[in-house]
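The listed protein sequences derive, respectively, from chains Y and H. Position in the first sequence (from 1) plus 2 gives the number in my numbering. Position in the second sequence (from 1) plus 72 gives the number in my numbering.
Each hint should be verified, as a subset may be incorrect.
Stated by the list, open to error - Label pairs and their computed distance ranges (CB to CB):
#	chain 1	residue 1	chain 2	residue 2	range
1	H	P116	Y	T121	25 to 35 Å
2	H	S198	Y	G168	34 to 44 Å
3	Y	L41	H	K75	21 to 31 Å
4	H	L88	Y	I13	51 to 61 Å
5	Y	A163	H	K75	17 to 27 Å
6	Y	V14	H	T77	56 to 66 Å
Unchecked claim - A few chain Y residues that don't get close to chain H, going by computed Cβ distances all over 12 Å:
#	residue
7	V9
8	A18
9	Y63
Said to hold, decoys possible - Computed footprint of chain Y on chain H; a stretch qualifies when at least three of its residues, placed anywhere within it, have a C-beta under 8 Å from a C-beta of chain Y:
#	region
10	144-158
11	162-170
12	224-232
These are calculated hints, taken from the structure and not from any lab test. C-beta: ideal position from N, C-alpha, C; glycine also.
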Amino acid sequence: MIPIRSVLGVIVSITAVVFLLSLTTRGFSALTVDAARALDVAATPVRVPDVTIKDFQHHTYTMRDNQRSTIVDFVYTRCTTVCVTLGGAYQSLQHAIQSRGLESQVRLLSISFDPTKDTEHHLAVYGQALHAAPPVWTIGTLAEPQSLAALLRTFGVRVIADKLNGFTHNAALHIVTPDGLLVRILPVENTDEALDLALQYAQEHSARHE
Amino acid sequence: MRKNTQRAMSKTYLALALTLTCVAVLFRDVLEQRMLLHMLIHIPLLVGAGVLFAHVRPRPISRVSGFSSWNNQGVAGWILVTGIITAWMIPRALDSAVESPSIDALKVCLLLFAGVIGTSSWRAASNAVARVFFAGNTLWMTATLGMLLRDAPTRLCTSYGARDQQETGVALIAFSAALGAAAVLYGLLYSAETLDACESEPSPPPHSH
C-alpha cells in the first residue's frame with residue numbers, strides 16, 4: 003500500500019516539471035529562440051522603428067514604405083557564411099519580382115549591421131557582386147547608427163563577434179507591411195512563401211487605401 | 073569529539089558551497105561566453121554548490137518535518153532534479169539566461185535547489201535499483217543531448233557559434249561517459265566494501281527465548 007503522501011509528492015513534482023518545461027519551450031512549441039520569435043511575431047505583429055537607410059549612393063529609404071511591402075534581412079559585407087545564402091535567396095527574389103512585374107508592390111532591403119566597416123565603397127562592391135538593383139533591392143546602412151541596437155532587438159537578430167574579426171548571426175527573411183509592421187519571420191529558403199506573403203500584404207494595403 | 077569534527081566539516085562544506093556559488097555568479101560573463109563553459113562549468117558549479125549545501129548540518133531538508141514522507145524513496149525529488157536539468161538543456165533557456173540577468177538569477181536558484189533536493193533524494197533512495205535508475209537516467213539524457221549538439225546541422229543557440237556547439241556536444245558525451253564509469257566503479261567498490269563488512273562482523277548472538 004503506497005502512502006498517499008508519496009503519490010501526492012510525485013504528482014506535485016510532475017506538475018512543477020511540466021510547468022517549468024512549458025515555460026522554457028513557450029508552451030511546448032519552440033526549443034530555440036528563433037522558433038519562439040517567429041511564432042510570437044506571427045501571432046502578434048510588431049511595429050518596427052521607422053528608421054532611415056542610406057545606400058552607397060546616399061539615396062535614403064525609410065523602413066515604412068507606405069506602398070510596398072518589404073522583405074528585410076541583415077548582413078555584413080565581409081560575411082562568407084550565412085550571408086552568402088541570404089544573397090542567393092535575395093537574388094532569386096529580385097528575379098521573381100522583376101519577371102512578374104511586382105516592383106510597385108514588393109521591395110527588398112538588406113541592412114548592414116556593421117556600419118563602421120561597411121562604407122559606401124564596400125556596399126557598392128557588395129551590391130555589384132550580387133547584381134542588386136535599387137529600388138527593387140537596396141543594400142545599405144542606417145542613417146542613424148545609434149538606432150541599430152534597438153532595431154536588431156525588434157527584429158530578433160543576434161550578432162556575436164567571432165574569433166576571426168567577423169560575426170556569427172542568425173538569418174531569416176523578415177516580412178514588413180507597407181504600414182511598418184513586422185508580420186512574419188521565415189527561414190531563408192522559403193523565398194516563394196515570403197514573396198507571396200509580401201504581395202498579399204501589399205495588395206491588402208492598396209485595397210484599403212483606394 | 074565527533075561532534076566537533078562534524079561541525080568543522082560542516083563549516084568546510086558551507087564555505088566551499090558559498091565559494092562555488094560566488095564564483096559562478098561573479099564570473100557569469102566569462103563563464104557564459106562559450107556554450108562549453110556554460111554547460112560544463114557554470115551549471116555543474118551551481119549544482120555542486122547545491123550538493124555541498126545539502127551536507128551542511130543541521131541539514132536544511134530534514135528540518136522540514138515530514139518531508140521524507142512526501143519524497144518517498146527520493147522519487148518526487150529526483151523528478152524535480154531531472155526536470156530542472158532538462159529545462160536548462162533547452163537551447164532557448166540557455167539563450168534567455170545569457171540575455172536576461174533575471175532569468176539567469178532564476179537559473180542559479182533552480183540549480184542550487186536541484187543540488188540540494190538531488191542529494192536528499194539520493195539519500196532517501198535506499199533501494200540500489202532506484203539509485204541506478206536516477207543516475208543512469210540523468211547520464212543518458214546528458215549523453216543524448218551531447219550527441220544532438222554534436223550532430224545538429226544548424227546553430228541552435230543565437231548566443232553561441234557552430235563550432236562551440238559541436239565541441240560542447242563532444243564534451244558532454246565524454247563528461248557523461250566519465251561520470252558513468254566513475255559511478256560504476258563507485259558501485260562496485262561500495263558493494264565490495266559492504267560485502268567485506270558483512271563477512272568480518274561476528275555472527276550475532278543467538279536470541280534467548
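Right, here's what the structure says about each hint:
1. For H/P116 and Y/T121, the Cβ-Cβ distance of about 46 Å falls outside the hinted range of 25 to 35 Å, so the restraint is violated.
2. At about 56 Å, the beta-carbon gap between H/S198 and Y/G168 misses the expected band of 34 to 44 Å.
3. Distance hint check: the CB atoms of Y/L41 and H/K75 are about 58 Å apart, inconsistent with the given range 21 to 31 Å.
4. For the pair H/L88 and Y/I13, the supplied restraint of 51 to 61 Å is violated, since their beta-carbon distance comes to about 35 Å.
5. The hint said 17 to 27 Å for the Cβ distance between Y/A163 and H/K75, and at roughly 55 Å that hint is violated.
6. Here the CB-CB span from Y/V14 to H/T77 is close to 37 Å, at odds with the stated 56 to 66 Å.
7. Listed as outside the interface, Y/V9 is inconsistent with that label: its C-beta sits roughly 9 Å from the nearest C-beta of chain H, within the 12 Å cut-off.
8. Not every C-beta of chain H lies more than 12 Å from that of Y/A18, the closest at about 6 Å, which undercuts listing it as non-interface.
9. For Y/Y63, the condition that its CB be more than 12 Å from all CB atoms of chain H holds, with the nearest at approximately 27 Å.
10. For the region 144-158 of chain H, the proposed coverage by chain Y is satisfied: 11 residues have a C-beta within less than 8 Å of a C-beta in that chain, meeting the threshold of three.
11. With 6 residues bearing a CB less than 8 Å from a CB of chain Y, the region 162-170 of chain H meets the requirement of three and the coverage assertion stands.
12. With 6 residues having a beta carbon nearer than 8 Å to a beta carbon of chain Y, the region 224-232 of chain H meets the requirement of three or more and the stated coverage holds.
Taken one by one, the earlier hints fail for this structure at numbers 1, 2, 3, 4, 5, 6, 7, 8, listed in ascending order.
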